[in-house]
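Peer 1: Sequence:
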Amino acid sequence: MLLPVSRVLDVEKPGGIDLGQAARYMGARRGADAGTAALLERWAPAVLAAAVPRAVCLRAGVADAALAPLWQGRDVRRHLAGCAEAVLLAVTLGPEVDGQVRRAGVGDVAAQAAADALASALTEQVCDAAESRLRALAAAEGLYLTGRFSPGYGDWPIAVQPRLAELLDAARRIGLCVTDTCLMLPRKSVTAVLGLSAAPVTGARAGCGSCALRDKCEYRKRGETCES
327 MLLPVSRVLD
337 VEKPGGIDLG
347 QAARYMGARR
357 GADAGTAALL
367 ERWAPAVLAA
377 AVPRAVCLRA
387 GVADAALAPL
397 WQGRDVRRHL
407 AGCAEAVLLA
417 VTLGPEVDGQ
427 VRRAGVGDVA
437 AQAAADALAS
447 ALTEQVCDAA
457 ESRLRALAAA
467 EGLYLTGRFS
477 PGYGDWPIAV
487 QPRLAELLDA
497 ARRIGLCVTD
507 TCLMLPRKSV
517 TAVLGLSAAP
527 VTGARAGCGS
537 CALRDKCEYR
547 KRGETCES
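Whatever position you read off the sequence shown (first residue = 1), add 326 for our numbering.
Hints are all accurate, no fakes.
Pair by pair, the computed Cβ-Cβ distance ranges are:
hint: 1; residue 1: A360; residue 2: E492; range: 44 to 50 Å
hint: 2; residue 1: L509; residue 2: G353; range: 19 to 25 Å
hint: 3; residue 1: P483; residue 2: G431; range: 28 to 34 Å
hint: 4; residue 1: T507; residue 2: V334; range: 23 to 29 Å
hint: 5; residue 1: D454; residue 2: A410; range: 20 to 26 Å
hint: 6; residue 1: P330; residue 2: P526; range: 22 to 28 Å
hint: 7; residue 1: D359; residue 2: G387; range: 48 to 54 Å
hint: 8; residue 1: P395; residue 2: D359; range: 45 to 51 Å
hint: 9; residue 1: G408; residue 2: A462; range: 16 to 22 Å
hint: 10; residue 1: T505; residue 2: G468; range: 35 to 41 Å
I should point out that these hints are in silico values taken from the structure, not numbers from a laboratory.
Values in this document were obtained by computation on a predicted structure and should not be read as measured data.
Every residue, glycine too, gets a C-beta built ideally from N, C-alpha and C.
Take the sequences, apply the hints, and build the full model.
Peer 2: Given below as structure tokens:
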């Protein structure tokens with residue numbers, strides 16, 4: 327049986343970038359110092375203006391043979407436990423954001439770091455908006471969604487990225503391509519899966535225990551998390 331066709335998901339650009347989250351991406355422990363805050367405030371308007379958020383999703387049965395190559399590792403299967411269906415999701419800010427980050431870095435490494443952190447924070451905001459949209463669509467059918475789970479979480483390998491993008495037809499739908507080395511272009515892009523069920527489900531928490539960087543995370547060494 328052929329998979330349903332992926333669909334573009336309407337997502338609005340946020341009215342602003344979460345500067346607190348951007349500061350955390352820059353390594354600020356408890357709020358940005360004056361210099362970091364000034365850099366973030368300076369570059370936030372340009373990064374926001376450059377962003378053209380787009381998202382695409384695909385709903386299909388977890389047991390569908392076309393999705394079988396995605397379910398590598400224990401953790402993603404645990405995330406989807408109790409779910410008959412899955413929603414594949416891809417989100418991107420578009421290529422102009424990558425260009426803006428590069429321009430910010432011409433002769434100024436600190437500015438590039440700030441612009442990159444701002445773009446990462448904005449990507450997360452757009453992902454949250456896309457997830458909220460999916461959750462509303464599911465609720466309209468009396469269904470429930472888990473949270474997002476992305477390649478690289480736990481033991482789910484990033485090697486599934488090309489297949490995930492192919493199933494979503496992401497290149498044609500939203501201009502998101504995946505290289506042979508599993509690098510996403512534009513860089514500020516995210517792919518994920520959410521479980522869909524007729525009963526309330528939570529999936530695996532996308533926190534420290536599911537993070538591929540947990541063993542060398544500077545936040546964890548200080549007894550903190552990047553979400554705190």
